[in-house]
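If you read the protein sequences in the order shown, they are chains A and B.
Counting from 1, one number per residue, gives the positions in the first sequence under the working numbering.
Counting from 1, one number per residue, gives the positions in the second sequence under the working numbering.
Quick caveat, the hints were computed from the structure, so don't treat them as lab data.
Yeah, the Cβ is synthetic: ideal placement off N, Cα and C, and Gly gets one too.
Just to be clear, a hint being listed does not mean it is correct.
Unchecked claim - Partial selection, computed: residues in chain B whose CB lies under 10 Å from chain A:
{"no.": "1", "residue": "Glu32"}
{"no.": "2", "residue": "Glu164"}
{"no.": "3", "residue": "Val199"}
{"no.": "4", "residue": "Asn226"}
{"no.": "5", "residue": "Met235"}
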Amino acid sequence: MGEVELSCRAYIKMFLHSCLFPRCSINGLLLSSSPAGGAVCVTDCVPMLHSHLPLAPITQLALTQVDVWCSQTQQRIVGYYQANACVSDSSPTQCALKIADKIAEQFDNAVLLMLDGGKMSPDYRVPPIVMYERKDSRWMLKDKHTIMLRQWEETRAIASQMLESGDHMLLVDFDSHLDDITKDWTNQKLNTKIAELASPANGNI
Amino acid sequence: KMASISEMYDVGWEEMRDKLRKWREDNCRNSEQIVDVGEELISEHASKLGDDIWIIYEQVMIAALDCSRDDLALTCLQELRKQFPDSHRVKRLSGMRLEALERYDEANKHYDAILQDDPTNTAARKRKISILKAQGKSTEAIRELNEYLEQFVGDQEAWHELSELYINEHDYGKAAFCLEELMMTNPHNHLYCEQYAEVKYTQGGLENLELSRKYFAQALRLNNRNMRALFGLYMLAGRGTKENKCSMKAVEEMLESMQITMS
Numbered sequence: 001m002g003e004v005e006l007s008c009r010a011y012i013k014m015f016l017h018s019c020l021f022p023r024c025s026i027n028g029l030l031l032s033s034s035p036a037g038g039a040v041c042v043t044d045c046v047p048m049l050h051s052h053l054p055l056a057p058i059t060q061l062a063l064t065q066v067d068v069w070c071s072q073t074q075q076r077i078v079g080y081y082q083a084n085a086c087v088s089d090s091s092p093t094q095c096a097l098k099i100a101d102k103i104a105e106q107f108d109n110a111v112l113l114m115l116d117g118g119k120m121s122p123d124y125r126v127p128p129i130v131m132y133e134r135k136d137s138r139w140m141l142k143d144k145h146t147i148m149l150r151q152w153e154e155t156r157a158i159a160s161q162m163l164e165s166g167d168h169m170l171l172v173d174f175d176s177h178l179d180d181i182t183k184d185w186t187n188q189k190l191n192t193k194i195a196e197l198a199s200p201a202n203g204n205i
Numbered sequence: 001k002m003a004s005i006s007e008m009y010d011v012g013w014e015e016m017r018d019k020l021r022k023w024r025e026d027n028c029r030n031s032e033q034i035v036d037v038g039e040e041l042i043s044e045h046a047s048k049l050g051d052d053i054w055i056i057y058e059q060v061m062i063a064a065l066d067c068s069r070d071d072l073a074l075t076c077l078q079e080l081r082k083q084f085p086d087s088h089r090v091k092r093l094s095g096m097r098l099e100a101l102e103r104y105d106e107a108n109k110h111y112d113a114i115l116q117d118d119p120t121n122t123a124a125r126k127r128k129i130s131i132l133k134a135q136g137k138s139t140e141a142i143r144e145l146n147e148y149l150e151q152f153v154g155d156q157e158a159w160h161e162l163s164e165l166y167i168n169e170h171d172y173g174k175a176a177f178c179l180e181e182l183m184m185t186n187p188h189n190h191l192y193c194e195q196y197a198e199v200k201y202t203q204g205g206l207e208n209l210e211l212s213r214k215y216f217a218q219a220l221r222l223n224n225r226n227m228r229a230l231f232g233l234y235m236l237a238g239r240g241t242k243e244n245k246c247s248m249k250a251v252e253e254m255l256e257s258m259q260i261t262m263s
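Sequences are here, hints too, so could you generate the full structure?
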């Protein structure tokens, strides 16, 4: 299977999502604004839930609404991410596999990304992520060498800085949107902040 | 160094103390805030707090554990140990600190010691179950929690915890049973109705979807701002029959009146 590129913006929002709800399992959708074919470029993500991940109605609602938003903004859903509450276990749960399967029905090269909570502390220098791809109807571990994070050191630095400044409190996931319907699950404010902090040299925001 | 809480928010120590009390009463888990406010209150105004200080030490200690502030947690714990040397309540806090440090075997020893002395100590039993959960031993946690509930059948918190564990194991039937217990004893709680409806929706099948619709509607009756219930009804409404088309219209009208669009 092909290469996957993870943008600064996508990584930081996933990171902040897991920092905002450190005691919960969280999940979300990975999006791409690049044309299909070649490497899969994950350019953005939509944080979805921090409670009751296995339950259907809100997941279905979120998928529908994100789908509509994507068709209006020339993006597509290309994958799914999840971080488990139990830090010692970063393997995909049944519900992660189910949702990823659904996404794969619409997009052949869908990716399943698990955040490894145990490797998110500042002493770890590698991206705390594990990626899976679909091979013969099963989700298989992806070769690390096919996963690209451009400007990783810079992304990492921005993520830490935003966490320190409390910017994770600005992040809105779909669950929070349902608690307060005025909150923006596309996180435009956060996108702007991230863009400001990223250096002009990093074109892959 | 950052400005103090009292400077930043222009509050006096009484307001800080009252805020902590409100968070205690509402059982909030805003640990970072509790640590910020509590740490300042303790270090600068301890003498003014009177007997409140002990419960504040406990509250701040637990919040400190939540934020990996073992230094602060230990300080609070040591004050409590000095004041209440033989207390089971304080021993439980020692256990919680060990849990935070992932020294689960030692923590369990603390709780077992409490239970030896006092077999009815529910707090210690719940901590032991929490350890199983933290270790990813869901099956054991579920078994222990079921045993606990046989004895303490009125414990709402435990029933809800059990429903969450079952949902995570995809055992929706048993999750529904727990939520039914909760709805029986809390008939005005819209959240239980809505969660029950979500479980029924997930189970699927004609009968379950019918129940789902009923309970989303009930949740909405109890709280007309419950968005999950509203959307749940909306999604169930658009399913074919004439009757459903009518309820879809009703939901759309409700959405409009709340000035929410589905785009």
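Going down the list of hints, with the structure as the test:
Interface hint status for Glu32 of chain B: upheld, as the beta-carbon distance to the closest one in chain A is roughly 9 Å, under 10 Å. Because the closest C-beta pair between Glu164 of chain B and chain A is about 8 Å apart, less than 10 Å, the hint holds. Checking Val199 of chain B against chain A by beta carbon gives a least distance of about 7 Å; that is within 10 Å, so the hint holds. Using the Cβ-Cβ criterion of 10 Å, the hint placing Asn226 of chain B at the interface with chain A is satisfied: the shortest such distance is roughly 9 Å.
With a least beta-carbon distance of about 6 Å to chain A, the hint placing Met235 of chain B at the interface is held under the 10 Å criterion.
Of the numbered hints listed earlier, not one is contradicted by the structure.
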